[in-house]
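Asks: Keeping their order, the protein sequence lines are chains A and B. Residue 1 is where the first sequence starts when you use this note's numbering, and the numbers rise one by one after that. Residue 1 is where the second sequence starts when you use this note's numbering, and the numbers rise one by one after that.
Derived from the structure by calculation, the hints contain no laboratory data. Just to be clear, a hint being listed does not mean it is correct.
[What the hints assert, rightly or not] Within a straight-line C-alpha distance of at most 27 Å, the following computed DSSO-like cross-link-like pairs (lysine-lysine) qualify: (1) Lys283/A to Lys130/B; (2) Lys178/B to Lys168/B; (3) Lys283/A to Lys131/B.
[To be verified] Calculated Cβ distances over 12 Å to all of chain A for the following chain B residues: (4) Gly52; (5) Asn96; (6) Gly109; (7) Gly185; (8) Pro283; (9) Ile288; (10) Ala351.
Note that CB positions come from ideal geometry on N, CA and C, so glycine has one too.
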Amino acid sequence: MNPHRRYRFSLPLVLFLSPVLIWLVLLIVLPHVELLLMSLRVEGDDGGFSYSLANYRQFFDEPIYWLTFVRTAVYAILVTFLTFLVALPVAFYITKVVSPRRQGLLMLLLLMPFWVSELVRVYGWMILLRESGVINHFLVGLGLWEQPVEMLYNDVAMVMGLVYTSMLFMAVPLVSVLESLDDSLIEAAHDLGGNIASIVFRIIIPHAMPGIVSGCIVVFMLTLGNYLTPNLMGGKNSLWFTEQIYNQFIASFNWNQGASFGFLLLLLSSLVIWAGLKITRQKLGKVVQ
Amino acid sequence: MAIDLAVNQVSKSFGAFTAVEKVSFEVPQGHFFSILGPSGCGKTTLLRMIAGFTPPSEGLIAIRGRDMQGVVPNRRPVNLIFQHLALFPMMTVGQNIAFGLERRREKRGVIRRKVARILERVGLPGFEAKKIDQLSGGQQQRVAIARCLVLEPAVLLLDEPLGALDLKLREQMKVELKKLQVQVGTTFVYITHDQSEALVMSDAVAVMNAGRFEQVDTPQNLYHHPQSAFVARFVGENNAWTGRVRGGDAAALQIDTDDGCRFVCRAAESLDAGSPVELFIRPEALLIEPDEGIADLNRFEVQVRSILFDGANSRLLARPLQTDTELLIALPQNRQYDHIRVDDRIAVGWAPASGICFAAS
Ligand SMILES: Nc1ncnc2c1ncn2[C@@H]1O[C@H](COP(=O)(O)OP(=O)(O)OP(=O)(O)O)[C@@H](O)[C@H]1O
Ligand SMILES: [Mg+2]
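If we strip away everything but chain A, and leave its shape as in the complex, we get (with noise of 0.2 Å):
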């Protein structure tokens, strides 16, 4: 058979897919071609508007954007490391240690927290964590601290609180790969003279790859456009770029300068991925599978 034939369209396989993509069209597509020619719009002072890269460039003259902008990017990939690195122990554990039986208790504790919104987890980190919450009274109650201590509204806090909250989607693809491998494997490197550094970086890792890239992706990505957590936890001076997009489209009702932003943080997150994939030589259609 030609091979060509495959990629024909037929009016079978149109009228199959049309939901599925009109609903791209209608979802995906047409707010963000809106978002860009938005984005490009500048008003003039008589009321009408003209089409410039002024949105852009306002963003590389003003350093608070900027900044913004470079602090939001480390820290998404700094908070995305650190779940990494929470979450592979969590994921080895949950598929080599416990017996099958408590394997599924495991999940479902790793799964509970996701029950409930975002809001109320972070709320719930807030209450523990605050002033007047349950940590500084326990630890002021037994006569470790003089006085209560301030542990929210600062970076720490705002790490933490999204490594909490992305922690489960670093965890299911890390499990579902590691389930894959063979424990003789494991076995037979520890045979061989493997100690457990050499385990982890010789087969563990390059086993759990996908798994890794595709966790990391989503991890970032929600990260990146989280505007919950770090509103809420971080400090006042600790800007969020979503804050600043916000801010543009709320506060300062400058829709244009707003989604400028907002196509600036795509370009991001894509190059971003698009570095990631390169360096670690992993295929997107292998990772998404």
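Given the structure of chain A, go ahead and fit chain B with the ligands onto it with the hints provided.
Replies: Coordinates of chain B with the ligands only, in the frame set by chain A:
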């Protein structure tokens, strides 16, 4: 001769279940030692205790005279070839073999030379850059062996490594593995449930059943002088009868079989009259149409049910008259017996010394 591996009264229980029970054996340096037993009898458990993955519940394991209690697998001078090989799919053949050497922090140049040399030894010269999934089953087999042998272990443990191969390749690898073992002179402990593998390759074979060793002996002795009914049944083909003792002593025991035949045979021990016994006779010990002049033969008539032609391994399937017992009788391919047809009645005989009987349990 120096003893490379000594296993002394080793047991392993999982909860109430005993997988290995009081097993003892010694393997001298350079020997090929096999453990033969049916599936689930505890072979892998025993091997994993030697390799250090499972701690024994009881008993001692010593390798080259050094007690292995508390020594972790990566510090033991033994290597294990897994039932499914466990080659690292994320590495090339060369990296697989170099893995252990790198862990020992050997120099790059030395590693490269050793890898090349061992690959040549197993008949895969220049395969360093190949991926594992590009290799055939037999080639993967050899890489797994090379990966262990390059570390020059005191003892190489093999867990049914030929199990995954097809029959033809298995026959071929059997011979090659034995040749390789003789060349490198490493002590091999090989486990299998295939008796022909064990008999062909080994200097000594232990027959294992339900966690215990039934007999440890040379392949010839296992075949000709089994010490239990289990060994007689498991090693090689055997015809079995159940019956009762009528009289006589161990050298010439008279037996009435349950299907009504009367035989004289040797026994492992003397048995009281009336006690139940199991009698075993090899297919090749049953002589077709024996010469009338031979004295002391157990003689009877059989009816041929079918002729199982298989070259040098051809046999007759026959029933003694008036019984339902099925017997396998070796059919030598010297054309002397070409006249035998299905449903023929033929005379059969066997010498008392070639049958053996055990007290039935
Ligand atoms: N970790 C374990 N927990 C409980 N029982 C076990 C464990 N490992 C093995 N067993 C049991 O011990 C017995 C022996 O198992 P083992 O794997 O040693 O058999 P084997 O002789 O290697 O069989 P095969 O030829 O099928 O590989 C089996 O009945 C098995 O169910
Ligand atoms: Mg086994």
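Asks: Give a verdict on every hint.
Replies: Here's how the hints hold up against the structure:
1. Lys283/A to Lys130/B: Answer holds: Lys283/A to Lys130/B is near 22 Å, not above 27 Å.
2. Lys178/B to Lys168/B: holds (16 Å)
3. Lys283/A to Lys131/B: holds (19 Å)
4. Gly52: violated (8 Å)
5. Asn96: violated (9 Å)
6. Gly109: holds (20 Å)
7. Gly185: holds (21 Å)
8. Pro283: Non-interface label stands for Pro283/B: nearest chain A Cβ at 39 Å, farther than 12 Å.
9. Ile288: holds (50 Å)
10. Ala351: holds (50 Å)
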